[in-house]
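Colleague: All chains, full assembly: derive it from the sequences and hints.
Protein sequences appear in the order of chains Z and D.
Using my numbering, read the first sequence as starting at 267 and increasing by one per residue.
Using my numbering, read the second sequence as starting at 588 and increasing by one per residue.
To be clear, the hints were calculated from the coordinates, so they are not data collected in a lab.
Remember, it's a predicted structure, so these values are computed and weren't measured experimentally.
Where hints are given, some of them may not hold.
The following label-pair restraints were derived from C-beta to C-beta distances [claimed, not checked]: (1) Z:T547 / D:A747: 25 to 33 angstroms; (2) Z:T471 / D:A747: 14 to 22 angstroms; (3) Z:V403 / D:L818: 53 to 61 angstroms; (4) D:R705 / Z:R284: 16 to 24 angstroms; (5) Z:T471 / D:E939: 42 to 50 angstroms; (6) D:E939 / Z:V455: 53 to 61 angstroms; (7) Z:V403 / D:P980: 36 to 44 angstroms; (8) Z:Q485 / D:A747: 16 to 24 angstroms; (9) D:D867 / Z:V403: 52 to 60 angstroms.
Result set (SDA-like, lysine to any residue): computed pairs, CA atoms no more than 25 angstroms apart in a straight line [as the list claims (entries may be wrong)]: (10) D:K638 / Z:A495; (11) Z:K368 / Z:P381; (12) D:K638 / Z:E484; (13) D:K825 / D:G1019; (14) D:K638 / Z:L489; (15) D:K638 / Z:I494; (16) D:K638 / Z:N493.
By construction, the Cβ of each residue, glycine as well, lies at the ideal position given by its N, Cα and C atoms.
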Amino acid sequence: MTTLDIATAPVRPSLASRYNTFMSRHASLMPTFAAIAILIVIFVGAQIYFGNFVTPRNISALLLDNAYLLILAVGMTFVIITGGIDLSVGSVMAFTGIWLAKLLAGGTSAVIAIPVIILGGAVIGLLIGVLVQYFDVQPFIASLAGLFLARGLAYVVSLSSIRVENEAVLWLQSTRWHVGSWYITPTGVLALLVVAIGALVMHFTRFGRTIYAIGGNEQSARLMGLNIARTKVAVYVISGVCAGLAGLVLTAYSGAGYPRNGIGTELDAIAAVVIGGTLLTGGRGYVLGSMVGVFVYGTINTVISFMGAEQSWTRIIVGFLLLVFIVVQRAIVARAERRG
Amino acid sequence: MDQAQPLLEITGATVFFGADAAIDGVDFRMFPGEVHSLMGENGAGKSTLIKAITGVLPLDAGVLTLAGEELHLHTPVDAQRAGISTVYQEIELLPNVSVAENIFLGREPRRLHMIDNRTMRAQARRVLAELGLDIDPASLLGSHSVAVQQLVAIARAISADLRVLVLDEPTSSLDVDEVAELFRVIRELKQRGVAILFVSHFLDQVYEICDRVTVLRDGKLVGEYLTRELLRIDLVHKMLGHKETELKSRSRAPASDGDGAAPFLTARGLTHAPRIVDADIDIFEGRVLGVAGLLGSGRTELARAVTGIDHLHSGVIMIAGADQVFTSPRKALNKGVAYSSENRRTEGIVAELTVLENIVLAVQADRGIWHRMRPARQRELAASWVEALGIRPADLDRPAGTLSGGNQQKVMLARLLALAPRLLVLDEPTRGIDIGAKVEIQNLVGELADNGLSLIFISAELEEVLRVSDRVAVLRDGRIVDTLATAETSVDAVLALVARPSQEDEALA
Chain Z
267 MTTLDIATAP
277 VRPSLASRYN
287 TFMSRHASLM
297 PTFAAIAILI
307 VIFVGAQIYF
317 GNFVTPRNIS
327 ALLLDNAYLL
337 ILAVGMTFVI
347 ITGGIDLSVG
357 SVMAFTGIWL
367 AKLLAGGTSA
377 VIAIPVIILG
387 GAVIGLLIGV
397 LVQYFDVQPF
407 IASLAGLFLA
417 RGLAYVVSLS
427 SIRVENEAVL
437 WLQSTRWHVG
447 SWYITPTGVL
457 ALLVVAIGAL
467 VMHFTRFGRT
477 IYAIGGNEQS
487 ARLMGLNIAR
497 TKVAVYVISG
507 VCAGLAGLVL
517 TAYSGAGYPR
527 NGIGTELDAI
537 AAVVIGGTLL
547 TGGRGYVLGS
557 MVGVFVYGTI
567 NTVISFMGAE
577 QSWTRIIVGF
587 LLLVFIVVQR
597 AIVARAERRG
Chain D
588 MDQAQPLLEI
598 TGATVFFGAD
608 AAIDGVDFRM
618 FPGEVHSLMG
628 ENGAGKSTLI
638 KAITGVLPLD
648 AGVLTLAGEE
658 LHLHTPVDAQ
668 RAGISTVYQE
678 IELLPNVSVA
688 ENIFLGREPR
698 RLHMIDNRTM
708 RAQARRVLAE
718 LGLDIDPASL
728 LGSHSVAVQQ
738 LVAIARAISA
748 DLRVLVLDEP
758 TSSLDVDEVA
768 ELFRVIRELK
778 QRGVAILFVS
788 HFLDQVYEIC
798 DRVTVLRDGK
808 LVGEYLTREL
818 LRIDLVHKML
828 GHKETELKSR
838 SRAPASDGDG
848 AAPFLTARGL
858 THAPRIVDAD
868 IDIFEGRVLG
878 VAGLLGSGRT
888 ELARAVTGID
898 HLHSGVIMIA
908 GADQVFTSPR
918 KALNKGVAYS
928 SENRRTEGIV
938 AELTVLENIV
948 LAVQADRGIW
958 HRMRPARQRE
968 LAASWVEALG
978 IRPADLDRPA
988 GTLSGGNQQK
998 VMLARLLALA
1008 PRLLVLDEPT
1018 RGIDIGAKVE
1028 IQNLVGELAD
1038 NGLSLIFISA
1048 ELEEVLRVSD
1058 RVAVLRDGRI
1068 VDTLATAETS
1078 VDAVLALVAR
1088 PSQEDEALA
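Modeller: Quick look at the structure:
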C-alpha cells in the first residue's frame, strides 16, 4: 500500500491527483485564499458601487494609510504562530512614537533617536518574552502587563501630543516616489520590507521553522532538540521591534507623537492576522496572509469613509468577518484532525 | 546476530520516586542488529527503565554505557545526540509542517543560512525510499495516517546517526498490514546493525519480531532470555509469577442453591473492536466473576462494555431476559450496574472534595438537582459507610485526596454501594495499595457477594483473582478464551490459558 517501486516512471498526474497533492501540501493556505477572495470581492463591489474606487491613487493610499498596521501585523504573526498573543503592541507603538517625538523635539538626531526607540520596543518585548518562557505566565497576561507598562511610560513621556519638526522623520512620510500614477513613500517601502523579511525568515530559516514547530506541538519540538526557549522569547522581541517601527511610521504619518495613539490597535492587528489565515491556536499562518488581512481591514475602512458612514461601521464589519473566519478555520482544522 | 559486544549496556539501574524504587539494580543490555523486548506488567518498571535509557529521567544509581563509553544523559536531546532515538506511542512529530521538515528539522540543509528546500526534499525522498515509503516529502505530516507518521518518525531517527532505536508501543494504533510493514522496516534496520528496543504488550508480536526479551517485575530484574529459548508460558509465568502471600485466605460462604438459577445479567457477543471482541459472560446473583488476562487483553474494555461506558459495536446485554441498551453509564446505573475504575485518581475519587462529598456524590446525582439530601442525612449515610468499610481516618470532612490508596478505594466503593447496585464491576481495586488494605478489600468482596451482590473482579494478580472469585473468565487478545470455576482450576492452568502459544509457535518450540 505504501510501498511503490521507485524505479517506475512517474505517470502524468491527473487533475484530481494534482489537487490532492496541492491540498496535502498547502491545506493551511485555504483561509488565506479565502481572504484574498474576500479582498477581490470587496474591490469589485466597491468599484461597481462607487465607480472610481480601484484607482492607483486609492490603492497607493491604502498601503500608506495602513503601513503602521502592516508592520504590527508582521510581528503579531510571529507571536501568534507560536500559539501566543501580544496585547501590548498598540501601547508600545504609542510609547515609542511619543518618545521619538520628545527626543527629536529635544534636539536628538534622528540617527540616534530612531534606534533608541526601537530598542525600547525590543526591551518591552523581551520582558514579555521572559515572563512567558521563564516564569510560565500566560502570553495574554504577560502582554497585558506590557500593555499597561507601555501605556504608562507613554504618559510619563508626555501627557499631550508633541509635534515633530525633524526633517529626516518628516521626509519618511512626505516624500513620494512616483511610478506612473502609483506612488509610495519611504514608510510604505519600510512596511513592505518588513513584510518581505518576515516572510523570508518564516519560511527559509531554521528560526522560522522552529516557530512553526512550537506552534504545532511544543512538546514534540522540544523532544526534537529545537531551542524552544530562545525562539519563544525572540518572537516577543520581534513583536516589540515591529511595534517600535510602527511607532516611527505612525509618528511620521501624523507629524506628531500622541500618547493616546494605538488604543485598541493591537486588536486590529490580531484581527488582520486572523483574517489573513493565521490560526490563533498556532502552528499555521503566513506573513503574506497577514498582509492580505491588513488590506482587507484597510479597504473596508476606505469603503466606509467613501460611503460617508461612521467609522464604527468598520469595526462592526471586521468583527463579523472575524467571526466568519474563525468558524471557517475551525471547520478546516476539524476536517484535518478527522483525516489524520 | 552473533554474540558480539553489547552496544548499549546499563548496570545496576536504580530510580527512586520518593521513597520507593521504581527500578532497583536492573541490568539491561542491547546488542547491535537485535530486537530486544522489555516485558512486565503495570508497575514493573518498564517505562522507568526506558526513560532512563532515553534521557527523560536521570539514574539515581547505575551506569549506562554505549559502545563501551559511559554516558550521562540529562535530557532527551543528549540521548538523541548519542544516537539513541525514540519513536513514541503518541507520535511526537509536528502535524503542521511537511514530511521533509519533520525528518530534518533542526538539521536542515542550508545555503547561507537559508534552508535549501529542494535539497531537503530530495534527501527526504531518499530516506523515505530506504524505508520503502513513497510519499510526497512536501506534504503536510498531518495529512497521513498514524502508521505512515510513525514510519516518518523512524525516518527521522535513521536520518541522523542511529545506533539504538526505542519503539514504545508502536503497534497500538496499527492494523495488520501496517504492522507487517513496520516489521519489514525493523528487519531492515536490524541488517544495518541498529539495536532495537521493542516495547509492547502483544505477546504474539514480541515473539514474531524480537530476538531477546528482558522481564521485569516489581522494579527488579527477573532475567534476560532469548525468545527462541523461552516458551510463552514461561514468559508469562515470569511476568506474573507466584507471589509470596501472607494473606489469610478467607473462606467463602459455601455455594448455596444459587447454582442452577438463571443469571441476573447475560451478555453475548460484546464487541468494541479491536480491544474486546465477541465476549460472552453470565453474571449470577451473589457470585463473583473474576477476569484474568495480561495487560492489553481487554480486561478494562470488557468492563467498560458491560457498564455502558463504551458504545458496543455489536453484542447484546440482557437483564432478567430483557434486552438492555446502555448508551451511557447513567443508563447502566439505573439498571443497577456500577463501575469502579482502575484509575482511582482520575476516574474515581474527586481529590479536592471531602470524604463525605465523595461518598454521597452518586446518590445525590441519582436524585437530581431538585432533591437535595438534607445535610444531616448525607452525614448519616456517609458515616454509616465509613464505619461499615472501615475507612480511616474516619473524618468525613477531610479532602479525599489525602487518604491512602486503600482508603480511597473504599471511598469509591462506598459511593457505588450507596446506590444499592445489583452488579458491581471492580477494575483493579487493589492495585497500588498496601497488603493490609488489599486483604480488607478482598474480604469485603466476599461479604458483598454473600449478601447477594454480583461482582466482576478484575486484577492483574492471578492469585488474587482466583482467591476472590467463584468463576474466572480468561482473556487473551480481546477474546474470552474460557470461563472456569475457580474451585476446579489453579494459577498454573490459568497461566497456561493466558499464554497459550499459537499453532506456529508450537511447531517451532
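Colleague: Take the C-alpha atoms of K638 (chain D) and E484 (chain Z), compute the straight-line distance between them, and say whether it is at most 25 angstroms.
Modeller: Given pair K638 (chain D), E484 (chain Z) holds - Cα atoms ~19 angstroms apart, limit 25 angstroms.
Colleague: For K638 (chain D) and I494 (chain Z), compute the direct alpha-carbon distance and say whether it is at most 25 angstroms.
Modeller: holds, 21 angstroms
Colleague: For K368 (chain Z) and P381 (chain Z), compute the direct alpha-carbon distance and say whether it is at most 25 angstroms.
Modeller: holds, 14 angstroms
Colleague: Hey, K638 (chain D) versus L489 (chain Z), does the alpha-carbon distance stay inside 25 angstroms?
Modeller: holds, 13 angstroms
Colleague: Determine whether the Cβ-Cβ distance between R705 (chain D) and R284 (chain Z) falls within the hinted range of 16 to 24 angstroms.
Modeller: holds, 19 angstroms
Colleague: Check the following: the C-beta atoms of T471 (chain Z) and A747 (chain D) are separated by a distance inside 14 to 22 angstroms.
Modeller: Cβ of T471 (chain Z) to Cβ of A747 (chain D): about 21 angstroms, so the range 14 to 22 angstroms holds.
Colleague: Does the beta carbon distance between Q485 (chain Z) and A747 (chain D) stay inside 16 to 24 angstroms, or does it fall outside?
Modeller: holds, 19 angstroms
Colleague: Is the Cα-Cα distance between K638 (chain D) and A495 (chain Z) 25 angstroms or less?
Modeller: holds, 23 angstroms
Colleague: May I ask you to test the hint 53 to 61 angstroms on the CB atoms belonging to V403 (chain Z) and L818 (chain D)?
Modeller: holds, 57 angstroms
Colleague: Please check whether V403 (chain Z) and P980 (chain D) have a Cβ separation lying inside 36 to 44 angstroms.
Modeller: holds, 39 angstroms
Colleague: Take the C-alpha atoms of K825 (chain D) and G1019 (chain D), compute the straight-line distance between them, and say whether it is at most 25 angstroms.
Modeller: Holds, at roughly 20 angstroms.
Colleague: Can you confirm whether the C-alpha distance between K638 (chain D) and N493 (chain Z) stays at or below 25 angstroms?
Modeller: holds, 21 angstroms
Hint compliance for this structure: no hint is broken.
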